[in-house]
Amino acid sequence: MTKPLLKVNNLKKHFPVHGGILGKTVGHVKAVNDVSFQVNEGETLGIVGESGCGKSTTGRMLVRLLEATDGSIEFDGKELTTLSSGEMRKIRKDIQMVFQDPYASLNPRHTIEKILSEPLVVHGVKGEKERKRQVHEFLKIVGLNAQHAKRYPHQFSGGQRQRIGIARALMTNPKLIIADEPVSALDVSIQAQVLNLMQDLQKQFNLTYIFIAHDLGVVRHISDRIGVMYLGKMVEMSDAEKLYQEPLHPYTQALLSAVPVPDPEFDKDETVLEGDMPSPVDPPSGCAFHTRCPFKMDVCTKEIPEYREVKDGHYVACHLYNETSNNDITNQKEEAFT
Amino acid sequence: MEKRKTILDVKDLQTSFFTDNGEIPAVDHVDFHIREGEVLGIVGESGCGKSVTSLSVMGLVPKPPGKIVGGEILFEDDDLLKKSEKKMQKIRGNEIAMIFQEPMTSLNPLFTIGNQMTESMLIHNKKWSKKQIHKKAVEMLQLVGLPRSEEIMKEYPHQLSGGMRQRVMIAMALVCDPKVLIADEPTTALDVTTQAQILKLIRQLNEKLNTAVMLITHDLGVVAETCERVVVMYAGQVIEEGPVDKIFQNPEHPYTQGLIKSVPDVRKKESRLHSIPGNVPLPGTIQQGCKFRDRCAFAFDRCFNEDPSLYQTSDSQKTRCFLYDKKEGANLDDKTITQS
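Residue numbers (this note's numbering), protein chains in the order written: chain H, 5 to 342; chain Z, 349 to 688.
Just so you know, the hints here were simulated from the structure itself, not pulled from any lab data. Cβ coordinates follow ideal geometry from the N, Cα and C atoms, glycine included. Please note that a few of the clues may not be correct.
No farther apart than 30 Å at their CA atoms in a straight line, the calculated lysine-lysine pairs in the DSS-like style are these [to be verified]:
{"id": "1", "chain 1": "Z", "residue 1": "Lys-609", "chain 2": "H", "residue 2": "Lys-144"}
{"id": "2", "chain 1": "H", "residue 1": "Lys-272", "chain 2": "Z", "residue 2": "Lys-594"}
{"id": "3", "chain 1": "H", "residue 1": "Lys-246", "chain 2": "Z", "residue 2": "Lys-616"}
{"id": "4", "chain 1": "Z", "residue 1": "Lys-548", "chain 2": "H", "residue 2": "Lys-207"}
{"id": "5", "chain 1": "Z", "residue 1": "Lys-617", "chain 2": "H", "residue 2": "Lys-272"}
{"id": "6", "chain 1": "H", "residue 1": "Lys-179", "chain 2": "Z", "residue 2": "Lys-617"}
{"id": "7", "chain 1": "Z", "residue 1": "Lys-609", "chain 2": "H", "residue 2": "Lys-272"}
{"id": "8", "chain 1": "H", "residue 1": "Lys-11", "chain 2": "Z", "residue 2": "Lys-617"}
{"id": "9", "chain 1": "Z", "residue 1": "Lys-617", "chain 2": "H", "residue 2": "Lys-315"}
{"id": "10", "chain 1": "H", "residue 1": "Lys-144", "chain 2": "Z", "residue 2": "Lys-617"}
{"id": "11", "chain 1": "Z", "residue 1": "Lys-478", "chain 2": "Z", "residue 2": "Lys-527"}
{"id": "12", "chain 1": "H", "residue 1": "Lys-207", "chain 2": "Z", "residue 2": "Lys-616"}
{"id": "13", "chain 1": "Z", "residue 1": "Lys-478", "chain 2": "Z", "residue 2": "Lys-502"}
{"id": "14", "chain 1": "H", "residue 1": "Lys-136", "chain 2": "H", "residue 2": "Lys-118"}
{"id": "15", "chain 1": "Z", "residue 1": "Lys-548", "chain 2": "H", "residue 2": "Lys-246"}
{"id": "16", "chain 1": "Z", "residue 1": "Lys-502", "chain 2": "H", "residue 2": "Lys-272"}
{"id": "17", "chain 1": "Z", "residue 1": "Lys-609", "chain 2": "H", "residue 2": "Lys-246"}
{"id": "18", "chain 1": "H", "residue 1": "Lys-315", "chain 2": "Z", "residue 2": "Lys-616"}
{"id": "19", "chain 1": "Z", "residue 1": "Lys-609", "chain 2": "Z", "residue 2": "Lys-502"}
{"id": "20", "chain 1": "H", "residue 1": "Lys-7", "chain 2": "H", "residue 2": "Lys-246"}
{"id": "21", "chain 1": "H", "residue 1": "Lys-118", "chain 2": "H", "residue 2": "Lys-133"}
{"id": "22", "chain 1": "Z", "residue 1": "Lys-616", "chain 2": "H", "residue 2": "Lys-179"}
{"id": "23", "chain 1": "H", "residue 1": "Lys-272", "chain 2": "Z", "residue 2": "Lys-548"}
{"id": "24", "chain 1": "Z", "residue 1": "Lys-430", "chain 2": "H", "residue 2": "Lys-7"}
{"id": "25", "chain 1": "H", "residue 1": "Lys-300", "chain 2": "Z", "residue 2": "Lys-548"}
{"id": "26", "chain 1": "H", "residue 1": "Lys-246", "chain 2": "Z", "residue 2": "Lys-617"}
{"id": "27", "chain 1": "H", "residue 1": "Lys-207", "chain 2": "H", "residue 2": "Lys-118"}
{"id": "28", "chain 1": "Z", "residue 1": "Lys-431", "chain 2": "Z", "residue 2": "Lys-415"}
{"id": "29", "chain 1": "Z", "residue 1": "Lys-616", "chain 2": "H", "residue 2": "Lys-272"}
{"id": "30", "chain 1": "Z", "residue 1": "Lys-617", "chain 2": "H", "residue 2": "Lys-7"}
{"id": "31", "chain 1": "Z", "residue 1": "Lys-434", "chain 2": "Z", "residue 2": "Lys-474"}
{"id": "32", "chain 1": "Z", "residue 1": "Lys-353", "chain 2": "Z", "residue 2": "Lys-430"}
Simulated restraints on C-beta separations [as the list claims (entries may be wrong)]:
{"id": "33", "chain 1": "Z", "residue 1": "Phe-652", "chain 2": "H", "residue 2": "Lys-246", "range": "46 to 52 Å"}
{"id": "34", "chain 1": "H", "residue 1": "Gly-23", "chain 2": "Z", "residue 2": "Gln-635", "range": "45 to 51 Å"}
{"id": "35", "chain 1": "H", "residue 1": "Pro-20", "chain 2": "Z", "residue 2": "Arg-352", "range": "36 to 42 Å"}
{"id": "36", "chain 1": "Z", "residue 1": "His-622", "chain 2": "H", "residue 2": "Ser-188", "range": "16 to 22 Å"}
{"id": "37", "chain 1": "Z", "residue 1": "Phe-366", "chain 2": "H", "residue 2": "Lys-154", "range": "29 to 35 Å"}
{"id": "38", "chain 1": "Z", "residue 1": "Asp-425", "chain 2": "H", "residue 2": "Gly-23", "range": "32 to 38 Å"}
{"id": "39", "chain 1": "H", "residue 1": "Pro-298", "chain 2": "Z", "residue 2": "Asn-653", "range": "55 to 61 Å"}
{"id": "40", "chain 1": "H", "residue 1": "Pro-298", "chain 2": "Z", "residue 2": "Gln-597", "range": "52 to 58 Å"}
Work out the full structure, taking the sequences as your base and the hints as a guide.
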């Protein structure tokens, strides 16, 4: 039995919105609104959703690049939200982040050696020689070589830069890596290289990943479990294969059918979701998805569906799966389709 | 398939950028054509020259540093490259229209949607009254599926969502009934569910209005779902061309094969993704020979010494690879690419 490395409970992040001439707070963007999940040691948890669903905000709160408004983050038995910044810095040795844009996340004025040895300096690795040795070692691990240490970021291609970003995250020998859209800026052929590298490293260093992405194909490929977010809430979470074979939440179903399949012969379900994601400043009452949901019921506009386990390890927040209305599900669905 | 007239025929197009480091051929002898009412996909990774190709067709290549150094772009048998800027203006937006990747930046934030919708009609249809133009604009907005189109005419771009803005862009492009619509990565900046909406709209409009569409994208999934024919580009060249079903079932060029295999498929989980080793060569670095040779598993001597031409491998499919040269027939057997 693997033990949970990270436990997140009722995490919230509300950004104040200022307005009027006096700049008073007129509302809140509920970027992340009551999200709970846990990550087991050595697994990859994928978090998917469309822009504005709060997936990146969640990732950033875990390393406290953003302070959570409410909720708890327990990492390796320690509560992170209450730590002082000094203590948090020590913890960051174990939680590292890989960012989306390999162009913006490396300092253009620093050589690769400087970029990669910085985490070592911060975390107290003494001796320049030792640091240099480690930099060279990790460059080799991510598929570059020691000569690259003398160069600057602009001398590398996008794929190589992302390898450097990954090497930087690995320098402190972390337990958990949060990768926020690490391959979405890369071309398909390069994307595959980086994904394969990340899988190899996971085995080699026994890493735990939280993989944040919008591409469902990529997420399926790399994840053991997947959580789907919509408008600041986790709407479904399950084993990766189960989620793709039997998506329960109507949003997950719509999301999966929207992905273009690279096969002209493939006969696709043509249901296209109407409308846009509502504003997180003023989310719809009840279930946030009810404005676009093909299975909308009366209760959906009034009550927030509870996020609960409906099958073994399969969590979903949808009124369709309430025990009381369980018998009606099939009827409801059939009705909606006709 | 019925024979449709070729409406746009690009022949041997060469567009170069002249920089401090010398001439960089971004589009390197590119040939392709679009028939009336057809949806043609142009697919390739960043830097393959697909966008510069479309800008060349529109006559929008920034010069300097860019310049079209050779070739022909025949639109209804008329060479666009020989036309004066004044004549091009009559064609651009009227006969050939374009939509861009970023619906956020390609609309002017200071003008209302109505203002921007009617602009091209005011330029191209001088005989129309203001009322007629307004009516047409509202109709177009309805056609692209925007509810309350009268109100949207008075709104500013920031009041609309990304998907709505892209719909406005499409309406704006189609308002003069162009014969060809060039869509440069129209859904790249959008979310998947919005992307599905826009792709569906493009397919519907293509059927309804019979506008030929040149869809430029990096996403093979988008191509498979939307296009009839596809042109695959790599390092400024067309390396494969053919009907969509053939290209996906039986890709011939090693690059196309690798590209299709490296897309993670939502329908199944592979234990390991196929990846193409190495990187796209910088433009201009490979002077002679096949541009893909350094990343190709099948490269042999000839790939380094000679430029492969686009070999016709079947009625409808063409491939730029020596493996399909009839002269290579003798040793083709041991090099035949197995599809696994």
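Results of checking the hints against the structure:
no.	hint	in the structure
1	Z/Lys-609 / H/Lys-144	26 Å, holds
2	H/Lys-272 / Z/Lys-594	19 Å, holds
3	H/Lys-246 / Z/Lys-616	12 Å, holds
4	Z/Lys-548 / H/Lys-207	41 Å, violated
5	Z/Lys-617 / H/Lys-272	18 Å, holds
6	H/Lys-179 / Z/Lys-617	25 Å, holds
7	Z/Lys-609 / H/Lys-272	20 Å, holds
8	H/Lys-11 / Z/Lys-617	27 Å, holds
9	Z/Lys-617 / H/Lys-315	22 Å, holds
10	H/Lys-144 / Z/Lys-617	28 Å, holds
11	Z/Lys-478 / Z/Lys-527	24 Å, holds
12	H/Lys-207 / Z/Lys-616	22 Å, holds
13	Z/Lys-478 / Z/Lys-502	15 Å, holds
14	H/Lys-136 / H/Lys-118	9 Å, holds
15	Z/Lys-548 / H/Lys-246	28 Å, holds
16	Z/Lys-502 / H/Lys-272	38 Å, violated
17	Z/Lys-609 / H/Lys-246	24 Å, holds
18	H/Lys-315 / Z/Lys-616	22 Å, holds
19	Z/Lys-609 / Z/Lys-502	47 Å, violated
20	H/Lys-7 / H/Lys-246	21 Å, holds
21	H/Lys-118 / H/Lys-133	13 Å, holds
22	Z/Lys-616 / H/Lys-179	29 Å, holds
23	H/Lys-272 / Z/Lys-548	13 Å, holds
24	Z/Lys-430 / H/Lys-7	71 Å, violated
25	H/Lys-300 / Z/Lys-548	24 Å, holds
26	H/Lys-246 / Z/Lys-617	12 Å, holds
27	H/Lys-207 / H/Lys-118	27 Å, holds
28	Z/Lys-431 / Z/Lys-415	15 Å, holds
29	Z/Lys-616 / H/Lys-272	15 Å, holds
30	Z/Lys-617 / H/Lys-7	25 Å, holds
31	Z/Lys-434 / Z/Lys-474	16 Å, holds
32	Z/Lys-353 / Z/Lys-430	22 Å, holds
33	Z/Phe-652 / H/Lys-246: 46 to 52 Å	50 Å, holds
34	H/Gly-23 / Z/Gln-635: 45 to 51 Å	60 Å, violated
35	H/Pro-20 / Z/Arg-352: 36 to 42 Å	58 Å, violated
36	Z/His-622 / H/Ser-188: 16 to 22 Å	19 Å, holds
37	Z/Phe-366 / H/Lys-154: 29 to 35 Å	31 Å, holds
38	Z/Asp-425 / H/Gly-23: 32 to 38 Å	59 Å, violated
39	H/Pro-298 / Z/Asn-653: 55 to 61 Å	60 Å, holds
40	H/Pro-298 / Z/Gln-597: 52 to 58 Å	33 Å, violated
Consistency with the previously given hints fails for numbers 4, 16, 19, 24, 34, 35, 38 and 40, ordered from lowest to highest.
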